[in-house]
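Student: My numbering applies: residue 42 is where the sequence shown begins, and numbers increase by one.
Hints may contain errors.
[Unchecked claim] Pairwise CB distance ranges (calculated):
no. : residue 1 : residue 2 : range
1   : Asp-384   : Ala-276   : 37 to 47 Å
2   : Asp-241   : Glu-350   : 17 to 27 Å
3   : Arg-408   : Glu-350   : 50 to 60 Å
4   : Arg-341   : His-402   : 50 to 60 Å
5   : Val-392   : Leu-427   : 17 to 27 Å
6   : Arg-261   : Leu-66    : 36 to 46 Å
Just so you know, the hints here were simulated from the structure itself, not pulled from any lab data. Glycine residues also receive a C-beta, built at the ideal position from the N, C-alpha and C atoms.
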Amino acid sequence: MSFEAYPRPVNEEGRLAAIHASGLLFEDHVSNLDHVTALAVSLTGLPRAGVTVLDRHTQYWLSSVDAPFLDLARGQALCNEAIALGEMLVIEDLKDATGPARDVWLENNVRFYASHPISLDGVHDIGTICVFDTVPHRADARLAEQLGHLAAVASSVLQAAAAARNAHRFEEQLVREQGRRETLGQQIERLSHIGAWSLDLETRELTWSDEVFEIHGLARERMPTLEEAITFYAAEDRGVIERAVGQAMETGQAYSFEADIVRPDGSVRRVSAAGDTEIVDGKPRRLAGIIQDLTVQRDREAALEWVLEILSHAREAFVVYDTEGRIVFWNRQAERTFGWTRDEALGASMVDLLQIDPEEHAARTERMMRSGSWSGRVVYKSRSGLNITVLAHKVLIVGKGRMKDGVLVVYQDMSEKMVLSEKMQTATRLDAIGQLTGGIAHDFNNLLTVIMGSADLLKVRLKENPAALKLVEMNRGAAERGRDLVSQLLAFARRQTLDPTATDVAALIDESRPLIERAIGEQYSLSIEMEPGLWLADVDPAKLDSALLNLCINARDACQPGIGRIVVDVRNASLDDSYVASQTDGLQGEFIVLSVSDNGSGMSPEVMRRAIEPFYSTKATEGKTGAGLGLSMTYGFVKQSGGSLQIYSEEGTGTTVRLYLPRSYEVGEEDPLQPEELRTTRPLDILLVEDDPRVQDNSVAMLEALGHRPTTVGTAIDAVRVLETRRDMFDVLFTDIVLPGGMSGFDLATTAHKRWPCLPILFCSGYTHGSLDDHALIARSKMLTKPYTLAELARALAATVVREDGAAQHETTFG
């Protein structure tokens, strides 16, 4: 049956509120109502009676005598109709009644029903007292009067029960509140690290709160005495504490101090203590105070100082300014970036100090306020007046405590990054060009080896034919010029063969000066400045000599005759981190810096960016000639030597090219082999390892022309197999470096030296993948660079054999 089918009183919500406020629905049974229901049966003479309470959906029996059923749905409860009427309800015979409750009561053998509403406050009816019987009855005035009296009694009993329950509930709430306050007090003590204590001056009894025990690191088993409590303080603080407490006990004077407490486990806590005296009848009776653990606070202060110290060493500039634009924080990197010291910057206007456009500053601030932060690249003025490009990140800092709102700005100086980015792009481009150039040059060297070798053989065979010999000479001359060009390309590609040694740069320049002066001519002045005590450089002296000459010729070509000035400057340099980051391609350590400067036309940024590229030259536009390989060769030589080349130039001012040459720590070098030691006196059996058929055939012809007996293989693996079976047949192993099959000439030489240590080795290649020093083979072997002449081959073989014969003087271990 739907709940909407039964009637409701007009004050339904107030009635329900009164029921819930009384708490009667939470009571399983109200014992005093049993007397009321028993009295109802006795007075009315009816066998059944009950007291009910009716909530929104259900009728509950609070007490009953022979009730026919338990709780009822509200739509089946007859007391609902009495409450809806607001007066006594009598049904003499339920068979004659109508309504939703009729059938339920009849099924439970109830024919007569009478009830009267009961109330807690005299306004809202919360239930009824009812009587009923299994047979019909006539209603009379006496029953109505009896039910009225019984309703008043039931209401009184319910009011008393509600009051008792509310009183009990209030007591429970009071206990909970007291416990909550005690817990809150303990939480406050624990969170604030503040403990309370008191001392009865008559009994000398000391009382500590839980937090005081916690601060001292003690269990709460026994309360210490005053004397014991004082011993917890550090020895240097006890005198001050004893005087302060003693004066407070005698005169009532309040005190406060900070001191260190040493816990039983040895840990130290910094505390702040304060106390006051309770005066009774003019005499101190009780001393009370607090003690606060400041350790966390002091640790935080130390941590803050630590963070500030970290920020002072950060590589980014940290600046904080307040809402009025006044600078309140300025770290060391800000000093380095913008030039102003901390003392000069603090309190200054951010806009005025860095010469920021006020409108742009306001616009950035507005965007920051909308989104919480702002980032972007900006250009500010430094103290020296230079433009500083920085990446700025602004964020609003909300003030706490006495600190006001402010703006934190982190500046990252982009000047160095922009330079490094440009250098990286240039290096990547040059490396790609070098890779392409080196590969082409290597293949071209193989072709030139065949051409030059064939020309040398033809010269021997055509001695009696002058006309043909002239053509051969022309052919050979063109091949030599091609070899020189390939050598320059390999220098740029950093794949040339170097022979680095401890080089006295000062002596080399002194020896080269006459040649340089003749090369630049009398119309240009040359001055050389060298720092005393120059270190030795770990470079190939011949290549350095060539590089210096190229730089001086380039400087001459940039200058005007008659007024051109060229300066060669040499200094020692120890490169530190900050300099390395922006100037020398990340080099670190000790270097000799060789600079060639001129007062010529200088370079535009575009020309300077491409100056190192091979075949790039501006001389043709100036009416001069040049292949565009001089600076490229120098760059490749210096990079392959482990150094760096840097160019500094401005149009109309001049150019400086600096070579950073790695320092050598060698104290000397071995005596060179004498020319007479380069002769061979007998034909040699030579194992030739060469994968290019044309070069192999040409090499065989050249070796045979020199009277030697070559045996050829195409791979290092084949060479090892031949040596394993016929080692005693060979006087020299002559091998290319770049070989197929996964085993290089260096790998072959290493294997041969381990297994046949007395076998001399001669290398040849168009280029090397790295210097020979990396493989420690230079001490045992000779390097022949393709393309080579018949005479160069003869000298290399002679040097190889002589070097092996003199192994006692020149032996060096490698592996």
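Student: To test your reading of the hints: which numbers does this structure violate?
Tutor: Result: hints 2, 3, 4 break, sorted rising.
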